[in-house]
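Asks: Residue numbers (numbering that gives the first Met the number 0), protein chains in the order written: chain D, 0 to 111; chain X, 0 to 111; chain L, 0 to 111.
Hints may be right or wrong, so weigh each one.
In this list, chains with the same sequence are indistinguishable; a pair is considered to hold if it fits within one copy or across any two.
[Stated by the list, open to error] Simulated pairs of lysine to aspartate or glutamate, DMTMM-like, Cα-Cα distance not exceeding 20 Å: (1) Lys97 to Asp87; (2) Lys105 to Asp31; (3) Lys97 to Glu109; (4) Lys85 to Asp68; (5) Lys14 to Glu61; (6) Lys105 to Glu16; (7) Lys97 to Asp17; (8) Lys97 to Glu4; (9) Lys105 to Asp70; (10) Lys71 to Glu16; (11) Lys105 to Glu74; (12) Lys14 to Glu94; (13) Lys85 to Asp70; (14) Lys97 to Asp31; (15) Lys14 to Glu109; (16) Lys85 to Glu109; (17) Lys78 to Glu109; (18) Lys14 to Glu108; (19) Lys59 to Glu94; (20) Lys97 to Glu74; (21) Lys59 to Asp31; (22) Lys2 to Glu16; (23) Lys97 to Glu61; (24) Lys85 to Glu108; (25) Lys105 to Glu4; (26) Lys71 to Glu61; (27) Lys105 to Asp87; (28) Lys2 to Glu94; (29) Lys1 to Glu94.
Rather than coming from a laboratory, the hints here were simulated on the basis of the structure. Keep in mind that this is a model prediction, so the values were computed, not measured.
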Amino acid sequence: MKKIEAYIQTFMLNKVEDALRAIHLHGMSVMDIRGFGREKDESYPHHTADYTVNFTPKTKIEIICSAADCDKIVEALRKAAHTGRKGDGKIFVYEVSKAVSILNGKQGEEAI
Amino acid sequence: MKKIEAYIQTFMLNKVEDALRAIHLHGMSVMDIRGFGREKDESYPHHTADYTVNFTPKTKIEIICSAADCDKIVEALRKAAHTGRKGDGKIFVYEVSKAVSILNGKQGEEAI
Amino acid sequence: MKKIEAYIQTFMLNKVEDALRAIHLHGMSVMDIRGFGREKDESYPHHTADYTVNFTPKTKIEIICSAADCDKIVEALRKAAHTGRKGDGKIFVYEVSKAVSILNGKQGEEAI
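If we strip away everything but chain D, and leave its shape as in the complex, we get:
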């Protein structure tokens, strides 16, 4: 099993959610975060000494899925979150060691 974490533009969340529901995604979690990325480094290194704190609001999505579904979900997410401008964000994948349903105690892919 895999965990997908995506950091996206907040205003793209509805489009991403639509795209993921369209491929019958069973569930996802969303949280508001803030971040900085390369888009903030454009004027670097002129600001090494006196840059301002410039985090921007971002949205983080977390999805746990089977290994078989991972690439499909990542690609749907990437296409839906894409605007073509800096700050579009990143998607990362991690290994899941164990999954347990709180409702029925089922483990592994039966838990999701």
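With chain D fixed as given, assemble chains X and L onto it according to the hints.
Replies: Chains X and L only, in chain D's frame:
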């Protein structure tokens, strides 16, 4: 070392915290998130074209523990977070590669 | 590639951000959380039956980096977040299986 991540009903947090303190858990982190899961798919596929955005508030818990303690913590968490209704949530376990205490620089299990 | 997750004192975030920008960190994500740790267990076990709920605000930082940069970032983060008092927090490192840029679809270290 292991990382436990649980997505639970927000109103179950106090009960979960009690259960984890009862087994002497050394620490945990909590954050407010929102999510959707299978409980929102009950009327699917009638809503493929015009479903509404229906994230519900959830709470995420993060715990880092020794591999030896992991199963005990997962089970205590699962029992405490269980209501028997859809939406109870899930628990996932991940591998931790490295742990460092900011206070004293100790690493591995000495860090937690 | 590695993921670094740090749980730090909220009031140390600006200093940590400065330290990480000083080593040219390309990006990071920040979120407000709450937690309890060993600093809350000082009077334990006198409070087994009637402890109060005492989460304190903390800040979580997430950074994805190349394996080659990981130790340098962890050390810069640790030094900058250190006050010498309980509650300073922890840093954990995880393996990243896959990274994708939403902007250009590049994968691996080219994505970050």
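Asks: Of the numbered hints stated previously, which ones are contradicted by the structure, given in increasing order?
Replies: Per hint list: 2, 4, 6, 7, 12, 13, 14, 15, 18 violated.
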